[in-house]
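Visitor: Spelled out from the first residue to the last, the chains are:
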Amino acid sequence: MRSLLFLAGLAFAASAQAQFRLPNLDINRLVDTAKNVGKAVKEIDEPEEIAMGRDVASRLLGAAPLVADPQLQRYVNSVGRWLAAQTERPDLPWQFGVLDHPNVNAFAVPGGTIFITRGLLDRMRNEAELAGVLGHEIVHVLRKHHLKAIQKGAQTALAGDALSTALKDRGGAARDKLIALGAEVYSRGLDKSDELEADRLGIVIAARAGYDAYGLPSVLQALQAMSAQDSTLALMFKTHPAPGERLDALSEKMQPLLDAYAGQAQLGDRFLRQIKK
Amino acid sequence: MRFLALLLFLPLVASAEPATVIRATDLKQEPASDAATIASLAENSAVEALERRSGWTRVKAPAGEGWVRMLSLRFEAAKPGASGVGQLFNVARTGSSGTQTTTGVRGLDEQQLATARPNPAELAKLQQFAADRTAAASFAAEGKLDAKQVDYPK
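These protein sequence lines map, in sequence, to chains A and B.
Residue numbering for the first sequence follows this note's numbering, beginning at 1 and increasing consecutively.
Residue numbering for the second sequence follows this note's numbering, beginning at 278 and increasing consecutively.
If you're looking for bench data, these hints aren't it; they were derived computationally from the structure.
Don't take every hint at face value.
Calculated cross-link-like contacts (lysine-lysine; reagent style BS3-like; alpha-carbon spacing at most 27 Å) [claimed, not checked]: (1) B:431 / A:148; (2) A:144 / B:402; (3) B:402 / A:177; (4) A:276 / B:402; (5) B:402 / A:168; (6) A:253 / B:425; (7) B:431 / A:192; (8) A:276 / B:421; (9) A:144 / B:431.
Based on the provided sequences and hints, a complete structural model is requested.
Guide: Written out as structure tokens, the structure reads:
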């Protein structure tokens, strides 16, 4: 039956081709146009994602340097790398950095770089909370949320072949423009659906890694209780759905999973030993 | 100062924080869904939050003291400048965050992010602190963290 339908389809396609052949069509021009469109929506491959991510990370480090505490940086890298190992992109060159800044925020950069601010770290109480936040950021990398936002911006800002050039030529003007577009995504923010997805999947990653699944909700609740006028929250609040809304979404969709993994490790002592020095 | 910060991290804090129950919810004897129910709290009931344990928060309600699901509670946002819920949530403000970044154009607000210049020296440091998978696995073992399979939600 299926093969009969298939044959019928073939016959229809053949007759359609015969009927709708357009004599004056410039096939070569059509192919050229298709090629250009293909370039404009070109999938950025993994090496390009990693290389571009490093340039964006360098910019963010120009806005705030790392906390000068190698032990703390290694600690956050250990937690983050363990989390990343539980994901579908375990072998990206994952690196995690604590930015020396009082603002409350965290950033995910394409290719596997994650930043968290000292201001956010100071508001956490245990490793499960850190894992929850890093899990959220890791999802942005896994699902290429920023990469897609940058690519979308590049399609309008960089005409024609410029995106390909920008990806290949690391020294050129197109490259500078692309990286500037990348940095801009962090002050504009992602789509709300990306953020809510990162909350849901981030919790799963923390649970896979053996942590109390309530880490991220706990941080969100602490943020929800802070004043919206607090200047250290300004950019985070501008670029994310309100913490109360994020908690609502989690309780609607994630309650059973949260409860199933609520009893897992929090590691408050290990966290405090590393953070409070 | 360091000692004070540690004190803030104690799980039990004397001060209670005003909160609202955002949906009708059971007040439980213990932090577990199969624990005995003390009372049913109506939507928008005012309670005082005392302590949190994973997915549960111990509260004081007119009907008595017990546990409610933490996701059923919302706190009043603190007034600007007030420490507020920070106390219940053991918020510690210590360490290098005390140093305000007032030098140059560095910073993480919108404008500063847009105008930041690359910092290759810090990027090199970042790469140097990265952990490999083997090291991360030993670190997890030290913390008795076991990896398990958990599916993403549909």
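Visitor: Evaluate each hint against the coordinates.
Guide: These are the hints, each one checked on the structure:
1. B:431 / A:148: Holds, because 22 Å separates the two Cα atoms, which is no more than 27 Å.
2. A:144 / B:402: At roughly 25 Å apart (the allowed maximum being 27 Å), residue 402 of chain B and residue 144 of chain A satisfy the hint.
3. B:402 / A:177: Since the Cα atoms of residue 402 of chain B and residue 177 of chain A sit roughly 25 Å apart, the hinted pair holds (cutoff 27 Å).
4. A:276 / B:402: The hint holds at about 22 Å.
5. B:402 / A:168: Status holds; Cα separation ~25 Å.
6. A:253 / B:425: Holds, at roughly 21 Å.
7. B:431 / A:192: Roughly 18 Å separates the two Cα atoms, so the pair holds.
8. A:276 / B:421: Cα-Cα ~22 Å, so holds.
9. A:144 / B:431: holds, 19 Å
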